[in-house]
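Chemist: What follows is each chain in one-letter form.
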Amino acid sequence: MADAATTLPTFLGLRVRSRAGRRLLRHRGALVGGILIALFLALSVAAPLFATHDPMATDWMAVRKAPSEAHWMGTDEIGRDVYSRLVWGARTSLLAGVVSVAFALAVGVPLGVLAGYAGGWTDTVISRCNEAVLSCPFLILAIAFAAFLGPSLTNAMIAIGLSAAPIFVRLARGQTLVVKSEEYVDGARAVGIPHPRIVWRYILPNIFPPLLVQATLTIATAIIAEASLSFLGLGQQPPDPSWGSMLSTAKNFITHAPWMSVWPGVAIFLVVFGFNLLGDGLRDALDPRGD
Amino acid sequence: MLAYFLRRLVGIVPTLVLVSIFVFVLQLMLPGDPALAIAGEERDPESLAFIREKYHLNEPIWVQYGYWIGGVLQGDLGISLRTSIPVTDLLLQKLPVTIQLALMAIAIALLIGIPMGVLSAIHRGSALDWLANVIGLSGLSIPNFWLGVMLIMLVSVQLGWLPASGYESPFDDPVQNLKTMIMPAFVLGTGIAATMMRHTRSAMLEVLKSDYVRTARAKGVRERFVIMRHAFRNALIPVVTIGTLQLGELLAGAVLTEQVFTIPGFGKQIVDAVFNRDYAVVQGVVLCSSLAFIALNLAADMAYFLLNPRIRA
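Protein sequence lines, in the order shown, are assigned to chains A and B.
Mapping to our numbering: the first sequence position 155 is 155, numbers consecutive.
Mapping to our numbering: the second sequence position 194 is 1194, numbers consecutive.
Source of the hints: derived by calculation from the structure; they are not laboratory data.
Please note that a few of the clues may not be correct.
Facing chain A, from chain B, some residues (calculated, C-beta under 8 Å) [unchecked claim]:
#: 1; residue: V1010
#: 2; residue: P1014
#: 3; residue: F1022
#: 4; residue: V1063
#: 5; residue: Q1064
#: 6; residue: L1111
#: 7; residue: L1140
#: 8; residue: M1150
#: 9; residue: M1153
#: 10; residue: E1249
#: 11; residue: V1271
#: 12; residue: V1274
#: 13; residue: V1285
#: 14; residue: S1290
#: 15; residue: F1293
#: 16; residue: I1294
Don't be surprised by glycine CBs; every beta carbon is placed ideally from N, CA and C.
Could you build the full structure based on these sequences and the hints that come with them?
Modeler: This is how it looks when you write it as structure tokens:
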């Protein structure tokens, strides 16, 4: 009994995953999304290699210069190279997206699993609190958190993470309720395996796929949220480069330096589009009906 | 119907209580002494003592909550530290502007999203479907504040067709009001249109596979009739509920749109309040948007109940 309980789900899990992997590789959208993300990831990791100028260096002789050979995407209002700032801004955006979603997962998944697995009063209390937080629109909540914590990139990431956590609480709870009623979990309980081990060994691996899909899509939302907070002045603080803060400054120079507004927006769009494509692809690939 | 409504109404009471606690607790996140944050420049001991007394900051936290919720229940959300105007009055002044923006945005979203979703589902797998999907996903990926900036650049600066910013009350000058609001509403509506399109498409695909649609086709009913009468009407049920919920999200989207187009609404209010450290206003906005969201949830539930005969049964 114990053997069956320990081998079957893992075996099935592996089979599903490998099939899903094949489906994911065949999914054109996911492939395009993956390539876009890989490009931006490379850009952010190797920013010093890709950047042509110091992103903070001002040049008063080259203020608001249109794109040229020296400055591929032009310069901003104090002569900084827009392309180099864009390259370094990729690091801020991806970091904010990944860290805030990791934070949301770290807060949301344990609470959701606890609510779903324990049931009863624990479930009622966690679910009710979660509903209360969910009833505030995501961005307004993130702005409120950022306002009370103070404006900085770290606080923006905490604010976005805290605002996104309820989505994971709800998803993890729902998935745990489904997995909890499976026979192999009953079997594990019947042979006396302790609850934390059941959760670690049987619940978490089986609720992982939908969480992965949601996490990918939430990274896209988090990147837009970080850009939004930085646009409002509540995220990355000047002079450090961030796509949102670049846009915030650029909107004051629409008439004289339109290039300042175009590129940061294109970059946000492409990376978010990439994560959305990958998330959609993952959802299709992990859907058992896909076969 | 009434019993269902009352049951749902009673069900949201604990959520409302928790929301109020959550909004109150927000101020505890303020670093340092809240009296110092409220005092601003006036930091002499007498002023601080007066503020602590006035705002009951010397009392235990649950007593402070009691005072606060007592005021909220009577419509008193506190006083704006910046303008000394009651927060409730301030929000009531701004809310109609945002409601107009949200309603215009949802109308644009419906006009774009639903026909695109229906066409995409009918022509599944075609180039049109592919294009609609790419447009839909792009709509979700474009930050609306950037779209706003781009449209200002094109429509206002280059073409000079519409004003780039400002606001005119519809009661003073309806034409100018429409001119100032149409571009922000379009910007705000595109993201929602993308969501609507994706939901309409999947709902239509689901319905088009159902037995009653197959039966209608087998009976020789004209395709247009099958689509509009049998499929679309039923696919609309989840779309209506999602559309209602999206209105809540529009409140959040309005924050950025109002900032870009300098519209003096609810969203701009929270941003101004954040920078003025006007925490009572921030709390007021969070509380009001949460209440609006809960009310819209209830409305969505009721719409689902009214439209779906299976639940009524």
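Chemist: Next step is simple, just say for each hint if it's right about the structure.
Modeler: Evaluation of the provided hints:
The criterion of a C-beta within 8 Å of any C-beta in chain A is not met by V1010/B, whose closest approach is roughly 14 Å, and the hint is violated. Interface restraint check for P1014/B: the shortest CB-CB distance to chain A comes to about 5 Å, inside 8 Å, so the restraint holds. Because the smallest distance between the Cβ of F1022/B and any Cβ of chain A comes to about 5 Å, under 8 Å, the interface hint for this residue holds. The closest approach between the C-beta of V1063/B and any C-beta of chain A is roughly 21 Å, which is over the 8 Å cut-off, so the hint fails.
With its C-beta approaching chain A no nearer than about 16 Å, Q1064/B sits outside the 8 Å limit, and its interface hint is violated. With its C-beta approaching chain A no nearer than about 23 Å, L1111/B sits outside the 8 Å limit, and its interface hint is violated. Hint status for L1140/B relative to chain A: holds, with the closest Cβ pair at about 6 Å, below 8 Å. Interface restraint check: M1150/B against chain A, minimum CB-CB distance 7 Å, threshold 8 Å, status holds.
Below 8 Å, beta-carbon pairs count as interface contacts, and M1153/B has one with chain A at about 5 Å; its hint therefore holds. A cut of 8 Å between beta carbons decides the hint on E1249/B: the least distance to chain A is about 6 Å, and the hint holds. For V1271/B, the suggested interface contact is upheld, since its CB lies about 6 Å from the closest CB of chain A, less than 8 Å. Hint status for V1274/B relative to chain A: holds, with the closest Cβ pair at about 4 Å, below 8 Å.
Here the hint on V1285/B is kept, as its CB sits about 7 Å from the closest CB of chain A, short of 8 Å. At its closest, the beta carbon of S1290/B sits 4 Å from a beta carbon of chain A; the interface hint therefore holds under the 8 Å criterion. Nearest Cβ of chain A to the Cβ of F1293/B: about 5 Å, under the 8 Å cut. The hint holds. Against a cut-off of 8 Å between C-beta atoms, the interface hint on I1294/B holds, since the closest Cβ of chain A lies about 5 Å away.
Hints 1, 4, 5, 6 from the list above are not met by this structure, while the remaining hints are.
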